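Asker: What follows is each chain in one-letter form.
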Amino acid sequence: MTNTKNIYKPIKAKLTEVIDESPLIKTFVLVPEEEFSFGTGQFIELSVDGIGEAPFTPSSSPHVTDKLEVTVMKTGYVTEIMHSLKPGVYMGVRGPFGRGYPVEVFYGKEVLILGGGCGLAPIRSLLYALEHVKDNLEKVILCYGSKTPSDCIYKPLFSRLNSIEKFEAYRTVDRVEEGWDGSVGVVTTLLNKIKINLMNSIAVVCGPPIMMKFGTIRLLEMGYKDDQIYLSMEKNMSCGLGKCGHCMMGEFFVCKDGPVFTYNELRNTPDIWK
Amino acid sequence: MQYLSIKKEEWDKAIEQLLLSYIIFAAVDNEFGIDYEIVNSENIGRISYNKAKPATSLKTFFLPVKENVTSGAPLKKQRVIIGAPNCDIQGLKLLDEIYLDKDFNDIFYRERRENTILISIDCFDKQEHCHCTSYGIKPWSDADADLAMIRTGDLIVLRIISPKGQDFVNQFSLVQALRDENIISEIDKAHKKAESLLIESNKGLPDYKATGIIVKNAGDEIWKRYSARCVSCGACATICPTCTCFLLIDKPGFEKIKQLDACQYPGFERVAGGEDSLNELPRRFRNRYMCKYVWKPQKFSSIACTGCGRCIEACIGKINKNELFMELAPGRS
Amino acid sequence: MKLTIDDLKKIRFFEGYSDKQLETILMMSSIKEFKVKDILFEQYDELSEVYVLLEGSLSLGISLAKEKRIHLGSIEEGQLFSWSAVFTPYISTAWVMAMAPAKVIAIDAKRLNNEIEKDCDFGFKTMSKIAQTISHRLSDTRFQLMNQMIL
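Chains as they are written, first to last, in the working numbering: chain A, 1 to 274; chain B, 1001 to 1333; chain C, 2001 to 2151.
Next up, chain A with everything else stripped away, as it sits in the complex (with noise of 0.2 Å):
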């Protein structure tokens, strides 16, 4: 049965609003023209027409298939374009690519979430999956850390969370503003009051590189196996196919083989925090 899709092809997918998350954050609501769905954790390469594209993962429920959010930062040329974006136009979507998260493995389990600054936006995808069988969940604990208040997106979300049966989420910053009464400190720090079952447990890690770095040699010294801890691993994807090479890391495909990662599969590749 020969295969006729192009795999290069975007669908296009109409903006329909933009949510101001912070300064230099803002979250895309898309209707795709054609139908499509993700898994939580796997990303998709959003283009603004004619001008480039970047990978994205999906900051929506995978369970809500009639649209998808994807929470962008300006950090460069197609991004800052992104922002000047208004509701109504069009922009490309290609994807889902690469290897999620696996819910199925996490049922029974305790999951620690540890997540910082933007990698909140994956993790929030991965939330929402996660109350979709919470049932079949022994507890999620999420820890997030932005550098400051202002910079912590998706705010009702904390206390959303901690109305939810089964979950609890905390929150530090690494500078205080007016106003702010939680914790102070790196993320790390929150997992000093956690409780959790080691035995039972898995953790889950998304973040800037220094703070996976961090937050994974802090999970190893808990006690926490090299397969119990999932890294999403952001790295240059660009065709999203495992084929143009530029998301390499050691022998793998970031964007096949990955972005979700356990760390025993990671452990021997050089520079993975770079």
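The hints are simulated quantities; they were obtained by calculation from the structure and are not laboratory data. Keep in mind the model is a prediction, meaning the values are calculated, not measured. C-beta atoms are modelled at their ideal positions from N, C-alpha and C, and glycine is treated no differently. Honestly, I wouldn't trust all of these hints.
[To be verified] Just so you have them, the derived chain A footprint on chain B, three or more residues with Cβ under 8 Å:
#1 1089-1101
#2 1177-1191
[What the hints assert, rightly or not] Mimicking DSSO-like on lysine-lysine, the simulated pairs with C-alpha atoms at most 27 Å apart in a straight line are:
#3 A/Lys5 / A/Lys109
#4 A/Lys155 / A/Lys213
#5 C/Lys2010 / A/Lys193
#6 B/Lys1193 / B/Lys1203
#7 B/Lys1102 / B/Lys1076
#8 A/Lys213 / B/Lys1299
#9 A/Lys5 / B/Lys1077
#10 B/Lys1192 / B/Lys1051
#11 C/Lys2118 / A/Lys195
#12 A/Lys193 / C/Lys2020
#13 A/Lys225 / C/Lys2020
#14 A/Lys274 / A/Lys147
[Said to hold, decoys possible] Computed Cβ-Cβ distance ranges for the label pairs, DEER-style:
#15 A/His132 / B/Gly1253: 19 to 25 Å
#16 A/Lys67 / C/Phe2124: 41 to 47 Å
#17 A/His132 / C/Glu2046: 53 to 59 Å
#18 A/Lys9 / C/Ser2135: 49 to 55 Å
#19 C/Leu2145 / A/Trp180: 18 to 24 Å
#20 C/Arg2111 / A/Asp135: 25 to 31 Å
#21 A/Gly108 / C/Ser2135: 28 to 34 Å
#22 B/Pro1064 / C/Leu2145: 45 to 51 Å
#23 C/Leu2138 / A/Lys274: 20 to 26 Å
#24 B/Gly1072 / A/Glu34: 39 to 45 Å
#25 A/Lys67 / C/Leu2145: 39 to 45 Å
#26 B/Leu1100 / A/Glu34: 23 to 29 Å
Since the structure of chain A is provided, determine the placement of chains B and C on it from the hints.
Answerer: Using the frame of chain A, we list chains B and C on its own:
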């Protein structure tokens, strides 16, 4: 192995006839050496036989430097490529693994592959930097091409390799089975001679697997030293039969242009935040060898360096990777 | 409020001690409560007690000059602080302030040190836990430093 033969003048006439139904490319002798040209009635006489090798590898025919992958139309017309050496035929196998994988099948590559008949040549000599035998590749094809072609005197001998090759040859009315045992044994002898020549001139060069080990364990100093003359022109990656990294460039109307790229260009790994893990030249230089000899073998079963030596010929800084490998080979002081 | 060894067992810091060792700790401890903005101790104060936070929220920091406090981070429930009380010259490396009403276990440092010398097993366990607390604090500080460098 089934051998057929046809008189050379009949062969030339037959090719001219085929121009009506196929696009034909052949490796021809030119003022610089050998390279591919589109065949027409004028250059049929210059088609090169029995010697290594066209300057361009087969990669160009299947992965153009630039192509439109959204509104471009996949190739439908049949084509024939005459004159590919076995190193290039073997190099195609890695491209097949990457572009024809079951999850993401590239229709443009697939159409080109399916609509192309590959006629390889047997190399009875070598160019200065040929080292296919060091990596387990013979200087002649008995697999993976469709036909192989040898010129002996005024006869063209064809080795049928694939059913597609057989079907192609069935169009030639004047082709007959080769029964002359002398010719076949002469060909065998010439094969052995070519192999010995290659093995002898590449003595001391570690094999593919051993090269992977020494590349992985090499210290920083050797990469610094050998990359001193590198200007990141990317010629090595461009000319290489197995280097296929590319960029996807957006054009208005959600069009995408696929354009070959090279890890040797600065900025290959640069991300939006500004970090570029291959920014330093020695590191970038090393990356290509790690990819070819260490990482690709972990992921793919096809070989990622076929020993064609074009990278050594093309380098404007005259950097020779084989000198580097021989310097690091165990047993050398 | 009277603490029992079962209360201590719920706190990660006290994991691994035998019941007898926990009884010993209880005998040298008391509960202390603090209001918002109370200073538990200043940087460079001489310390006589080691604390474990039971409830509430504390901030730890350093001072560049009087009244110029720099908050470095929070102390979370279950965490040990004021470990300088165990090592000469027993001078605090930071100040600690209550950010919310807080309850701490205060352990007499002199009696703790005596027990460390007397009971090798207890001493090894206690020193390991203190070392780990300091190691984590150092690692977190380096993490913070790297964050600042990237900015």
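Asker: Please go over all the hints and tell whether each is borne out by the structure.
Answerer: Each hint, compared with the structure:
no. : hint                              : verdict
1   : 1089-1101                         : holds (count 3)
2   : 1177-1191                         : violated (count 0)
3   : A/Lys5 / A/Lys109                 : violated (39 Å)
4   : A/Lys155 / A/Lys213               : holds (25 Å)
5   : C/Lys2010 / A/Lys193              : holds (12 Å)
6   : B/Lys1193 / B/Lys1203             : holds (15 Å)
7   : B/Lys1102 / B/Lys1076             : holds (22 Å)
8   : A/Lys213 / B/Lys1299              : holds (25 Å)
9   : A/Lys5 / B/Lys1077                : holds (20 Å)
10  : B/Lys1192 / B/Lys1051             : holds (15 Å)
11  : C/Lys2118 / A/Lys195              : violated (32 Å)
12  : A/Lys193 / C/Lys2020              : holds (25 Å)
13  : A/Lys225 / C/Lys2020              : violated (32 Å)
14  : A/Lys274 / A/Lys147               : holds (20 Å)
15  : A/His132 / B/Gly1253: 19 to 25 Å  : violated (38 Å)
16  : A/Lys67 / C/Phe2124: 41 to 47 Å   : violated (59 Å)
17  : A/His132 / C/Glu2046: 53 to 59 Å  : holds (56 Å)
18  : A/Lys9 / C/Ser2135: 49 to 55 Å    : holds (53 Å)
19  : C/Leu2145 / A/Trp180: 18 to 24 Å  : holds (21 Å)
20  : C/Arg2111 / A/Asp135: 25 to 31 Å  : violated (50 Å)
21  : A/Gly108 / C/Ser2135: 28 to 34 Å  : holds (33 Å)
22  : B/Pro1064 / C/Leu2145: 45 to 51 Å : holds (49 Å)
23  : C/Leu2138 / A/Lys274: 20 to 26 Å  : holds (23 Å)
24  : B/Gly1072 / A/Glu34: 39 to 45 Å   : violated (21 Å)
25  : A/Lys67 / C/Leu2145: 39 to 45 Å   : holds (41 Å)
26  : B/Leu1100 / A/Glu34: 23 to 29 Å   : holds (25 Å)
Checked against the numbered hints above, the structure violates hints 2, 3, 11, 13, 15, 16, 20 and 24; every other hint is satisfied.
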